[in-house]
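> Based on the provided sequences and hints, a complete structural model is requested.
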Amino acid sequence: MGLTYILRRLLTMIPVFLLVVTLVFFMIRFAPGGPFSAEKKVPAQVLKNLEAKYHMDEPLIQQYFRYLRDLSRFDLGPSFKHSNRTVNEIIAEAFPVSMELGLISLCWALLIGISAGGLAALKPNTFYDYIPMSLSILGICLPTFVVGPVMVLIFGLWLNWLPVAGWNSWQDRLLPSLTLGFAYAAYISRLTRGGFMEIRHQDFIRTARAKGLTETQILLKHSLRGGILPVVSYLGPALAGIITGALVTETIFNIPGLGRFFIESALNRDYTVVMGTSLLYFTLIFVCNFLVDIVYVLLDPRVKYE
Amino acid sequence: MSFGSWRLTLCTVSTLLFLSVSTLIPLSNAESAVPQVLNLGNGGEPKDLDPHTVTGVPEFHIIMNIFEGLVSKDPKNLEPIPGVAEKWKVSKDGKTYTFFLRKNAKWSQGDPVTASDFIYSWIRLLKPETASEYAYQGFYIKNGKAFNEGKLTDPNQLGLKAIDSSTLEVQLENPTPFFLSLLFHHSLYPVHKATIEKFGARWTRPENFVGNGAFTLKKWEVNRVITVAPNPFYWDKETVKLSEANFFPIDKHETEEKMFRAKSLHTVDDLPLEKLPLWQKDTTGVFKNHPYLGTYYYWFNCTKAPLNNKKVRQALTLAIDRDRIVRLVTRGGQVPATMFTPPGTGGFKPESRLPKDGSQIQKAKQLLAEAGFPNGKGLPSLEILYNTSDNHKKIAEAIQQMWRENLGISSSLFNQEWKVFLDNQQTKNYMIARAGWIADYNDPNTFLDMFVTNGGNNHSGYSNSSYDELIESAKKERNPKKRFAIFQKAEDILLEDLPVLPIYVYSRNYLLSNEVQGWHPNIEDIHPLKYISIVKK
Chain A
1 MGLTYILRRL
11 LTMIPVFLLV
21 VTLVFFMIRF
31 APGGPFSAEK
41 KVPAQVLKNL
51 EAKYHMDEPL
61 IQQYFRYLRD
71 LSRFDLGPSF
81 KHSNRTVNEI
91 IAEAFPVSME
101 LGLISLCWAL
111 LIGISAGGLA
121 ALKPNTFYDY
131 IPMSLSILGI
141 CLPTFVVGPV
151 MVLIFGLWLN
161 WLPVAGWNSW
171 QDRLLPSLTL
181 GFAYAAYISR
191 LTRGGFMEIR
201 HQDFIRTARA
211 KGLTETQILL
221 KHSLRGGILP
231 VVSYLGPALA
241 GIITGALVTE
251 TIFNIPGLGR
261 FFIESALNRD
271 YTVVMGTSLL
281 YFTLIFVCNF
291 LVDIVYVLLD
301 PRVKYE
Chain B
307 MSFGSWRLTL
317 CTVSTLLFLS
327 VSTLIPLSNA
337 ESAVPQVLNL
347 GNGGEPKDLD
357 PHTVTGVPEF
367 HIIMNIFEGL
377 VSKDPKNLEP
387 IPGVAEKWKV
397 SKDGKTYTFF
407 LRKNAKWSQG
417 DPVTASDFIY
427 SWIRLLKPET
437 ASEYAYQGFY
447 IKNGKAFNEG
457 KLTDPNQLGL
467 KAIDSSTLEV
477 QLENPTPFFL
487 SLLFHHSLYP
497 VHKATIEKFG
507 ARWTRPENFV
517 GNGAFTLKKW
527 EVNRVITVAP
537 NPFYWDKETV
547 KLSEANFFPI
557 DKHETEEKMF
567 RAKSLHTVDD
577 LPLEKLPLWQ
587 KDTTGVFKNH
597 PYLGTYYYWF
607 NCTKAPLNNK
617 KVRQALTLAI
627 DRDRIVRLVT
637 RGGQVPATMF
647 TPPGTGGFKP
657 ESRLPKDGSQ
667 IQKAKQLLAE
677 AGFPNGKGLP
687 SLEILYNTSD
697 NHKKIAEAIQ
707 QMWRENLGIS
717 SSLFNQEWKV
727 FLDNQQTKNY
737 MIARAGWIAD
747 YNDPNTFLDM
757 FVTNGGNNHS
767 GYSNSSYDEL
777 IESAKKERNP
787 KKRFAIFQKA
797 EDILLEDLPV
807 LPIYVYSRNY
817 LLSNEVQGWH
827 PNIEDIHPLK
837 YISIVKK
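Chains A and B, in that order, give the protein sequences. Residue 300 in my numbering sits at position 300 of the first sequence, with consecutive numbering throughout. Residue 589 in my numbering sits at position 283 of the second sequence, with consecutive numbering throughout.
FYI, nobody ran anything at the bench for these hints, they're computed from the structure. In this text the structure is predicted, and so the values were computed from the model without any measurement. Don't take every hint at face value.
[Said to hold, decoys possible] Here are the simulated SDA-like pairs of lysine to any residue, each with C-alpha atoms no more than 20 Å apart in a straight line:
| no. | chain 1 | residue 1 | chain 2 | residue 2 |
| --- | --- | --- | --- | --- |
| 1 | B | LYS433 | B | GLY506 |
| 2 | B | LYS725 | A | GLU51 |
| 3 | B | LYS569 | A | TRP161 |
| 4 | B | LYS467 | B | PHE445 |
| 5 | B | LYS558 | A | VAL146 |
| 6 | A | LYS48 | B | PRO434 |
| 7 | B | LYS558 | B | LYS569 |
| 8 | A | LYS40 | B | GLU723 |
| 9 | A | LYS41 | B | PHE445 |
| 10 | B | LYS725 | A | GLY33 |
| 11 | B | LYS451 | A | GLU51 |
| 12 | B | LYS457 | A | LEU47 |
| 13 | A | LYS41 | B | PRO434 |
| 14 | A | LYS53 | B | GLU503 |
| 15 | B | LYS655 | B | LEU801 |
| 16 | B | LYS558 | A | THR144 |
| 17 | A | LYS40 | B | GLN722 |
| 18 | A | LYS48 | B | LYS433 |
| 19 | B | LYS734 | A | SER37 |
| 20 | A | LYS41 | B | ASN760 |
| 21 | B | LYS524 | B | LYS547 |
| 22 | A | LYS40 | B | THR759 |
| 23 | B | LYS547 | B | ILE832 |
| 24 | B | LYS433 | A | ALA44 |
| 25 | B | LYS725 | A | ILE28 |
| 26 | B | LYS525 | A | ALA92 |
| 27 | B | LYS558 | A | VAL248 |
| 28 | A | LYS40 | B | THR694 |
Next comes the structure, spelled out in structure tokens:
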């Protein structure tokens with residue numbers, strides 16, 4: 001893999017990034033209403049004062065360039081709604097929480113998904129295959145807003161083992177991360193099974209078997225690297241999705257993550273927070289996919305990027 | 307230090323420790339065997355805790371405990387009681403208020419609270435640069451409006467004067483009978499000048515914060531918790547029992563309710579609608595339900611046919627069975643609105659002018675026929691606009707059905723995202739639109755001055771000069787009886803002209819642990835933590 005490839009990928013990011021900035025900036029501005037519209041209407045003079053305070057009285061194009069200028073200094077501006085905080089501060093506080101939730105969930109997803117998928121692939125078309133695969137269908141079909149409350153009901157309210165909401169102790173991490181990880185575990189288990197099944201019939205596996213290796217040795221030494229490839233390519237979008245898509249889980253369990261800001265800011269027309277979170281998510285998705293492409297080359301000798 | 311002196315110090319310290327612990331133990335056993343920590347579900351995450359810039363209810367729940375205005379409210383009957391001001395006097399014409407501040411009122415870092423603190427704060431509220439959405443709460447002060455609009459730039463021309471450090475004289479534009487009640491509103495609380503000048507917008511961070519309430523800000527973790535603890539310098543700190551209160555921002559009512567059941571919360575801010583029937587059967591006494599100072603209604607767009615026809619509006623209003631709506635649809639103990647101002651607002655009890663149930667359907671039919679649409683024939687299909695929400699939808703569907711069955715009128719429902727909805731409502735781009743109004747202060751004026759010609763919140767395009775005159779004269783009338791008579795006349799005109807279709811008076815439905823003492827359900831839903839304590843049950 002050449003350095004030129006990495007550089008080229010990074011360079012293509014710049015125009016795409018600018019396009020995203022421009023699109024999001026103008027789309028949110030053209031949405032009806034504004035950050036200061038409310039059921040109790042603000043008197044005209046007060047509205048003028050507010051607009052002056054946030055430079056909203058300037059022409060839109062001028063505001064756009066002001067935003068670009070601030071962005072080049074990594075200054076995402078003040079929040080319209082959370083008036084004693086800047087967008088940088090909001091992200092600095094909330095993003096690590098989302099990241100933590102996402103990573104723990106992903107660990108669960110990998111742990112449960114790969115072991116269930118591996119088991120199913122080892123003994124295809126048996127009890128060990130049918131049970132995890134049926135469960136995975138369930139996992140894919142059931143949305144988090146069903147799984148979450150059910151888990152809360154069982155472990156929080158009936159058994160009284162775990163807290164029902166919050167984000168303070170390690171026990172608080174269990175239910176939300178399992179809820180979020182469950183759906184991804186389901187996908188991963190099917191991908192793992194598929195990957196392994198494909199590899200099983202390849203010549204080099206047959207050779208390994210002919211050499212007299214045990215199934216476990218074959219699995220760990222020969223099939224794992226190839227069989228896991230579909231999972232790896234899924235990991236990039238999964239990590240990005242798990243972090244950006246944690247909104248429902250964050251609301252159910254009252255977790256102070258970024259997902260809530262993302263939705264709330266769009267509903268409030270908190271322009272700067274909408275911009276900040278969208279750009280962060282865009283960067284995150286880009287970086288995750290980029291990393292996966294690199295890992296892919298390391299795992300699969302057949303893939304080469306020029 | 308030699309080994310000998312070490313031993314001596316050790317002995318002394320341990321003796322002292324033993325003595326202090328042995329004297330403390332009986333005290334703490336008697337006073338606070340139960341941890342005095344209150345955990346509250348508080349709706350959304352507060353935007354800020356600056357009394358001059360915030361607008362929301364979650365913010366107010368916290369702010370009223372970490373600041374104190376000139377006047378407080380009795381937690382039981384909501385009558386004005388002394389706050390920072392020990393006493394006050396009102397001039398004969400009702401336009402000059404003199405407040406005598408207590409000498410021992412202090413900020414949370416120990417400075418005294420003075421008359422000039424209030425002057426600074428109210429100038430700050432009115433300054434255009436502050437861009438306060440509640441600046442109009444200061445428009446009752448002489449020249450307040452002109453100053454906020456930039457027509458006057460000299461703050462000395464405002465009706466505010468510090469006679470000495472503990473005497474404040476306030477001159478008003480008009481005798482404003484509800485002025486004392488207004489002083490409980492957060493926009494008129496004092497703020498600490500030195501702190502704001504030093505920290506700017508960041509002065510409401512816990513590390514910088516200075517307030518003058520019974521409590522002070524201890525911790526603020528965004529979307530996690532806001533913790534307040536007693537203000538050691540508060541003038542009435544003996545009354546305060548709680549050692550800490552935690553306000554948890556929880557957007558989802560379902561989550562809140564589960565946390566209450568798991569005993570992580572003492573009280574929830576609201577309940578999911580579908581859980582109401584279950585909790586209403588509760589026998590443990592934790593379920594609370596009482597009326598609230600707000601009205602749920604529909605706007606009629608009076609500028610467009612056919613709703614510019616008064617008879618059509620009257621027919622539509624009379625054809626609704628409000629009782630069925632609150633019994634079968636909302637089911638939360640709401641009261642059918644047979645008037646616009648909720649009964650009991652500031653002591654005012656408006657007469658019922660609208661039918662509670664479907665008893666006037668015949669009259670409605672007749673009115674519709676008189677308007678030229680017998681049995682609904684010839685009337686264009688009506689459009690009901692509401693912001694996306696299951697509850698609004700259910701109510702709109704019930705009304706749609708009642709109009710169809712009772713009047714033969716067809717109507718369609720449209721839902722829009724909140725800000726899009728507001729935009730259309732405020733530009734009168736609708737036929738019928740859902741609305742709700744919650745009182746800013748406990749006086750009928752907050753409900754009735756909304757309908758004056760071109761009023762900022764009058765979205766119906768309604769205009770009636772005799773109505774405008776009544777509202778204007780109520781501003782000047784000091785005799786409460788005469789004033790209520792004026793408001794009754796205004797109500798009568800309003801319910802005759804019907805730019806709105808009142809549906810129900812809001813109610814509060816929430817849960818409160820039996821361990822909480824000193825929490826009195828009331829129509830303004832105000833519960834100062836100062837009076838609250840926790841007992842084990």
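> The structure should be examined with respect to each hint, and the outcome stated for every one.
Going down the list of hints, with the structure as the test:
no.: 1; hint: B:LYS433 to B:GLY506; verdict: holds (15 Å)
no.: 2; hint: B:LYS725 to A:GLU51; verdict: holds (17 Å)
no.: 3; hint: B:LYS569 to A:TRP161; verdict: holds (13 Å)
no.: 4; hint: B:LYS467 to B:PHE445; verdict: holds (16 Å)
no.: 5; hint: B:LYS558 to A:VAL146; verdict: holds (15 Å)
no.: 6; hint: A:LYS48 to B:PRO434; verdict: holds (9 Å)
no.: 7; hint: B:LYS558 to B:LYS569; verdict: holds (17 Å)
no.: 8; hint: A:LYS40 to B:GLU723; verdict: holds (17 Å)
no.: 9; hint: A:LYS41 to B:PHE445; verdict: holds (16 Å)
no.: 10; hint: B:LYS725 to A:GLY33; verdict: holds (5 Å)
no.: 11; hint: B:LYS451 to A:GLU51; verdict: holds (19 Å)
no.: 12; hint: B:LYS457 to A:LEU47; verdict: holds (16 Å)
no.: 13; hint: A:LYS41 to B:PRO434; verdict: holds (17 Å)
no.: 14; hint: A:LYS53 to B:GLU503; verdict: holds (17 Å)
no.: 15; hint: B:LYS655 to B:LEU801; verdict: holds (15 Å)
no.: 16; hint: B:LYS558 to A:THR144; verdict: holds (15 Å)
no.: 17; hint: A:LYS40 to B:GLN722; verdict: holds (18 Å)
no.: 18; hint: A:LYS48 to B:LYS433; verdict: holds (12 Å)
no.: 19; hint: B:LYS734 to A:SER37; verdict: holds (15 Å)
no.: 20; hint: A:LYS41 to B:ASN760; verdict: holds (12 Å)
no.: 21; hint: B:LYS524 to B:LYS547; verdict: holds (17 Å)
no.: 22; hint: A:LYS40 to B:THR759; verdict: holds (16 Å)
no.: 23; hint: B:LYS547 to B:ILE832; verdict: holds (18 Å)
no.: 24; hint: B:LYS433 to A:ALA44; verdict: holds (15 Å)
no.: 25; hint: B:LYS725 to A:ILE28; verdict: holds (12 Å)
no.: 26; hint: B:LYS525 to A:ALA92; verdict: holds (18 Å)
no.: 27; hint: B:LYS558 to A:VAL248; verdict: holds (10 Å)
no.: 28; hint: A:LYS40 to B:THR694; verdict: holds (18 Å)
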